[in-house]
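Use the sequences and the hints to build the structure in full.
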Amino acid sequence: MNKARRNLAHSIAAHTLLLSYTILALFPVFVILINSFKTRKAIFRHPLTPPNPDSFSLVGYETVLKQGDFFHYFQNSMIVTVVSLFFILLFGAMAAFALAEYRFRGNVWMGLYLALGIMIPIRIGTVAILQMMVASGLVNTLTALILVYTAQGLPLAVFILTEFMKQVSDDLKNAGRIDGLSEYAIFFRLALPLVRPAMATVAVFNMIPIWNDLWFPLILAPSEATKTLTLGSQVFIGQFVTNWNAVLAALSLAIIPVLALYVIFSRQLIRGITAGAVK
Amino acid sequence: MTALRLKNISKSFGPVEVLKNIDLTVEDGEFVVFVGPSGCGKSTLLRVIAGLEDASAGLVEIGGVDVTLTPPAKRGIAMVFQTYALYPHLTVRGNMALGLKQARRPKEIIEKRLKEASRMLSLEPYLDRRPSELSGGQRQRVAIGRAIMREPKLFLFDEPLSNLDAALRMNTRVEIAALHRNLAASMIYVTHDQTEAMTLADRIVVMRDGIVEQVGAPMDLYNNPDNQFVAGFLGAPSMNFINAGQHGFEQAAVLGIRPEHLKISDTGPLQGHVTHVERLGADTNVLVKLNTDEMLTLRLFGQYDFEIDAPIRLGYAMKDAFLFDENGHRVK
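Read top to bottom, the protein sequences are chains S and B.
Position 220 of the first sequence, counting from 1, maps to 211 under this note's numbering, and the rest follow consecutively.
Position 153 of the second sequence, counting from 1, maps to 138 under this note's numbering, and the rest follow consecutively.
Think of the hints as simulated: they come from the structure by calculation, not from any bench.
Everything numeric in this text was worked out from a predicted model, so none of it was measured.
Relax, there's no trap hidden among the hints.
Listed below are several chain B residues computed to face chain S (Cβ distance under 10 Å; list not exhaustive):
(1) GLY36
(2) ALA63
(3) THR68
(4) TYR72
(5) LEU83
(6) LEU85
Glycine included, each C-beta is placed from N, C-alpha and C at the ideal position.
This is the structure in structure tokens:
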């Protein structure tokens, strides 16, 4: 901001507001992180103090890592999240392109139909989904989870991406057609790069619910081989005794990959915004 | 050889008929301009020629070949768009070469044509830049370069100057005219700007509501319009239309006189007073309200001073009076 437009009082107020919001948002994460490095007693006695030489303990992480399959759960979560996101973005963008670009009978109704899913929680259909998965022999496979999450994410993806696809210049697409690009090339090479910021938004929206989901892994894929991280962490939560060290350590570890994915996508997001701003 | 022949082209979007039975022939090397108010169907017609829209009925022939069902890339055309439509992820070089690369032409030919086109449009210093690093005028030159690279049988321009500022528009207009002379290629140019139409065209096609109103050389249309619409559309300020009966022409409904054909004269038949004066330096436009309550524009060359509300008397030569019947057709 230039000097003439800077106002100290405003600037302080804005920063105070933003900082307090940041603290508010990060506080639970911070509590989880510090407590994951403490002994059980210290967690309960002084939950808000950072670990000191007396209370420092890695017992939570040791338990989690000794639990053997933890890395496997991790891998399952990662596969499910990344593959689901890939399909949501691919199919969502393709549907959006078709809805935005081609005139066909029932175009508007098709768009509304695809967006309808935003209003209907997919969990209502859990029983039917389970029956379908049993019938098709997909119970206890990661495929089952990927299919469900893709279906869950598509309505919003189609809805958001259609709006953005409509903004891709017709002239540009027509220029591609005259230069001999196929419709697929126009989609992948001209349209997709231009809606990248919107794709990043959709990815961020979808990633966190998928990564954190407990419901569908518990119902569709509870086997040892297909457990996701969230489901795997539940072994430390018992009916009578909960191993808080282990739960907190598992949660701390679970944050890292989401954070990494988020950084990747939000970078895209910011690049998209600034690319338009400096034109 | 004819560069383009349209037979009975019709196009409707649902119940809306945008083009109605259009017949048109463009000769080899001709520069034809489609002009008309917005919504008259000129851009749609261009898209039909390019193959970006299907005609609902009719036949499109380019270079003597029926291309009605041929995809745009195989029609032997190139198109320049109003919004430039450059590929944002490619450099100028990549933008210009993409069409030939898609057609799998040999590298040497691409390189040769690239050199030629960039020299013609003075784009050499910018070949490795991306479109976002170019100014509007440069971008439009790249878009024209991309069209030249294809060596098409027919160039299509879709309001290519509309996004440029006034000074640049004039320069680019001159460049396009020079390009047409150098390449001797057939070109179709769509615009709503009558200056572009008058200055560039060998022939102008005036369109309204999906039909062709009149086709002809610019000066023919200006001097000899078929109907009131063409007469009013070409020329700035536009032609004055007044009631013919009240001014001594019983055989017609409307009398049209161009602003530059009106003269101040003490014996002139048109009496009124000045309501507004626009001084443009080289010429002066005077708005006159006649005693019959009709408004006239008078164009005088040079600089003049008029008092508002001053009485004024105007005359005109008989040969400059255009007469139209109640349907707008010319009465001769």
